[in-house]
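Asks: What follows is the residue order along each chain.
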Amino acid sequence: MEIIRKGSDVLAVDAPRACCFPAGSLGFRVP
Amino acid sequence: MELSRFNLWVNDYPQKGESLLFNTRTQALIKVDRELKEALDGLPSSAEGGPAYGGAPESQSPSNKLEENLDALKENGIVVESESEEDAKLKDFFRQLQFDPNTLAFEVTVLTTYSCNFRCVYCFEESVKQGVFLDNETSNLIIKWIISRAEKRGYKRVFLVYYGGEPLLNIRPIYDISWHIAQWAQQQGVEFSFGIITNGSLVSPDLIDKFLSVGLKEIRISIDGDRDAHNKKRPFIDGKPSFDLIINNIKKVIDKVNVGIAGNFDRDNYASIPRLLDFLEQEGLLHRFSRVDFAPLAARLGPKDNPGAIELAEYISFYDNGGLFSEIVALKKELLRRGLNVETALAINACPLIMQDGGVAIDPQGLIYKCNSLLGYTEFSVGSVRNGDFDQKIQKYLDIEAWNKCPKECPYIPMCQGGCRFFSFLENNNFDDLACKRKYFEQIVPELIKLEYEKLLRGRQRDREKPADRGGPVLKQEAAVCAQEAGKTGAESSH
Chain A
96 MEIIRKGSDV LAVDAPRACC FPAGSLGFRV P
Chain B
756 MELSRFNLWV NDYPQKGESL LFNTRTQALI KVDRELKEAL DGLPSSAEGG
806 PAYGGAPESQ SPSNKLEENL DALKENGIVV ESESEEDAKL KDFFRQLQFD
856 PNTLAFEVTV LTTYSCNFRC VYCFEESVKQ GVFLDNETSN LIIKWIISRA
906 EKRGYKRVFL VYYGGEPLLN IRPIYDISWH IAQWAQQQGV EFSFGIITNG
956 SLVSPDLIDK FLSVGLKEIR ISIDGDRDAH NKKRPFIDGK PSFDLIINNI
1006 KKVIDKVNVG IAGNFDRDNY ASIPRLLDFL EQEGLLHRFS RVDFAPLAAR
1056 LGPKDNPGAI ELAEYISFYD NGGLFSEIVA LKKELLRRGL NVETALAINA
1106 CPLIMQDGGV AIDPQGLIYK CNSLLGYTEF SVGSVRNGDF DQKIQKYLDI
1156 EAWNKCPKEC PYIPMCQGGC RFFSFLENNN FDDLACKRKY FEQIVPELIK
1206 LEYEKLLRGR QRDREKPADR GGPVLKQEAA VCAQEAGKTG AESSH
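Line by line, the protein sequences are chains A and B. Counting from 96, one number per residue, gives the positions in the first sequence under the working numbering. Counting from 756, one number per residue, gives the positions in the second sequence under the working numbering.
These are calculated hints, taken from the structure and not from any lab test. Think of the CB as a built atom: it goes at the ideal place given N, C-alpha and C, for glycine as much as any other residue. Fair warning: there could be bad hints in the mix.
Said to hold, decoys possible - Just so you have them, the derived chain A footprint on chain B, three or more residues with Cβ under 8 Å:
1. 821 to 830
2. 925 to 936
3. 1102 to 1116
Unchecked claim - DSBU-like, lysine-lysine: derived pairs with alpha carbons at most 30 Å apart:
4. Lys-101/A - Lys-846/B
5. Lys-101/A - Lys-844/B
6. Lys-101/A - Lys-1151/B
7. Lys-101/A - Lys-1006/B
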């Protein structure tokens, strides 16, 4: 087994988020 | 002990007999071999697990792989103790997303004007455009409102986005607001920066220098395909073309500031995007952008006095059967192939309307909205900077909880939460119903999982080559993966 990206019960500030739904954001990714 | 109902499998990838396993709640992405896949298949699942994409790995002899990896599988949410434990974790996931300031920077969009020097054919503010400009008095109230809100909620990061209309038609508030917030942030130990979403026609080196001194991080410019396609979609208000001017302006500032391009497409201009990428490459620009991304156009509300009379309704179908699924994936693959930093959209749909401080947008009159698509329709505003806090209307959005209407076994609930609330309004004339796009997810997500995998692998490779040059949230995340990989135990890896 290889963990490519670690998962978490706690949302990270920079967790990938998408808005506008659902194809991905055209807005900013908060630094 | 059982499998999470939020697991999604992509089988026989990257190699035959291997599988990628993605959990939509924890966002874990794991590669498993044939034996572990078989062992996991033997576990019960409260919802039969998520769908498996591709062929099933061939059967092999049983192994103790599951036991060896059990702790890591639990940590990553792949395996849960019980259905009720996972229900509680999902509930907590939504609580964090909606209400926890530690999970999000305080991002506020400020409109310096509703006026624009372009006449984009699809402009979602078409019905609300007017010659209103943010003045000094309202700017000061906005500063106070942002600081008060950030202090009350304890945010550690504040990020402003200036928007319009065309925000650079009114530059003074950009400087004034940023200067004041930057001063406050420095005193309080809060991270502060800002971006500008602009059509690019008024960008200049002097302007960028001025804004860099008060926290400018990035500008975002829309380019909708090659010269011909872009000029049809995004002409000046008098119909003149804008493409060449924008490209020239970008060339003048790209060494000073991060420039991202974000384009919109429908069936008419989709095919021109690779030609745009070719052009940008020839001009030596493509790999100097901080970000390149394209997304389908969306429908818009109707006239100001009748928002329910939806316009450009044909765009709603882009996410239904027969929509732009293959085009969306093909473009992302094309960007990745060209070595660009791609947003895969394998992400949580953080609908700002249902998040306590999400998506705050303040218009030039000081009215507060929670979704950019609603800007200018005053019946959908949730307060005014003149009145301090949000008004009571915000509560009806926070209480929606559309995900409670979703079929429990749907593995996409954490990614989708019952769908975009604006889509619900477009489709149902209310914000409360499901806007289910499961068909879209089922077709697109396996490809996004593969893309995410390829992207993360590429990130690792780049990190090995140039560790000092990396930055940005996604890249930091990739670096964290590398750090984790470097420190992992033998039990975590069978490859």
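Asks: Does each hint fit the structure? Answer for all of them.
Replies: Taking the hints in turn, this is what the structure says about them:
1. 821 to 830: Coverage by chain A holds for the stretch 821 to 830 of chain B (4 residues, Cβ < 8 Å).
2. 925 to 936: Check failed, 0 qualifying residues.
3. 1102 to 1116: With 7 residues close enough to chain A, the hint holds.
4. Lys-101/A - Lys-846/B: OK: Lys-101/A and Lys-846/B at ~20 Å, within 30 Å.
5. Lys-101/A - Lys-844/B: Distance ~17 Å between Lys-101/A and Lys-844/B Cα, so the pair holds.
6. Lys-101/A - Lys-1151/B: violated (35 Å)
7. Lys-101/A - Lys-1006/B: Given that 30 Å is the threshold and the Cα spacing comes to 39 Å, the pair is violated.
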